[in-house]
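Order-wise, the sequence lines are chains E and H.
The first sequence maps to residues 5 to 165 in our numbering.
The second sequence maps to residues 5 to 165 in our numbering.
Only true hints are included.
As a list, the in silico DSS-like pairs of lysine-lysine whose alpha-carbon atoms are at most 25 Å apart:
no., chain 1, residue 1, chain 2, residue 2
1, H, Lys111, E, Lys10
2, E, Lys111, H, Lys10
3, E, Lys140, E, Lys24
Covered stretches of chain H, as calculated for chain E (at least 3 residues, CB under 8 Å):
no., region
4, 40 to 46
5, 88 to 95
6, 113 to 124
Just the calculated beta-carbon pair ranges, DEER-fashion:
no., chain 1, residue 1, chain 2, residue 2, range
7, E, Arg124, H, Pro143, 18 to 28 Å
8, E, Asn85, H, Lys140, 36 to 46 Å
9, H, Gly18, E, Asn85, 27 to 37 Å
10, H, Thr158, E, Val15, 49 to 59 Å
Derived from the structure by calculation, the hints contain no laboratory data.
Note that the Cβ used here is the ideal one computed from N, Cα and C, for glycine as well.
Protein chains: 2
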Amino acid sequence: MPLIDKSTCPVKSGSIYPGKLADEMTGRSSLRLGDAGGLTQFGANLVMLEPGALSSLRHYHMEQDEFVMVTQGTCTLVDDNGEHEMQVGDCAAFPAGDENGHHFINKTQAPAAFLVVGTRTETETAFYSDINMMVKMGPDGAAFTRKDGSALSTAELGEDS
Amino acid sequence: MPLIDKSTCPVKSGSIYPGKLADEMTGRSSLRLGDAGGLTQFGANLVMLEPGALSSLRHYHMEQDEFVMVTQGTCTLVDDNGEHEMQVGDCAAFPAGDENGHHFINKTQAPAAFLVVGTRTETETAFYSDINMMVKMGPDGAAFTRKDGSALSTAELGEDS
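With the hints as constraints, model all of the structure from the sequences given.
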């Protein structure tokens, strides 16, 4: 059945970020709409941001194109050029390899949401713009390291040593 | 610049369908949002339907996943199971190779629109559900034939012979 029933689509929350970095994702959840509809070539997720929530740590992808359309409230896009308020229907695109990192913040007092589409690839590398971290994704999972590949310290992860 | 300015995004209208079949696309236009944002791995288009307009002839894709979210008005999804009214925010997914053909009709008296995302592949074959036609897309363009590969007759194309 092509129609996607959002009411039965599992809500995903939490984060795969290591250490205390995961705490920064409080108030963010998503519906995996494309997965629910049987799609495999790209992800299509509805990301919901409570007031104050972030979509992710600011980052850019090396292999995967990404497209966003705001569907509820106001989302603030943050990139290398500053902050850009986006209303319902506003769109943004992030071509693979473009080093202008991005994320979205709900700076309002009301819920906000956006649809995000990203290509699925067997491997992926993403770099985080504001901290010394990258992630390599592959068939075995995700490896978070410093940008030179070395291990993140407990201090960098916000943990007590 | 990641933000897409819809006001400067070229409006695409018309159709590549052969013969009089193109006439059935009257009242349909689209904004190539993904192209405007520099994306190459998938298309992300805002399809606008005037009252009575069709999104396409009813079809299914063999190689490309497709995802739709209604963004304005009411769109009627037609597939093998009948008609399904979709409101703003409603979503549908069409996995590659699923032979349940689909299209959208604006059966209302007001404008309607949806966002459609489709994978970009080097080649593609699509079959039309309600007529004896297929299209093969490739680097050289699009070839419309009967489903057995033979030529479409002038009668099938709605032309005077």
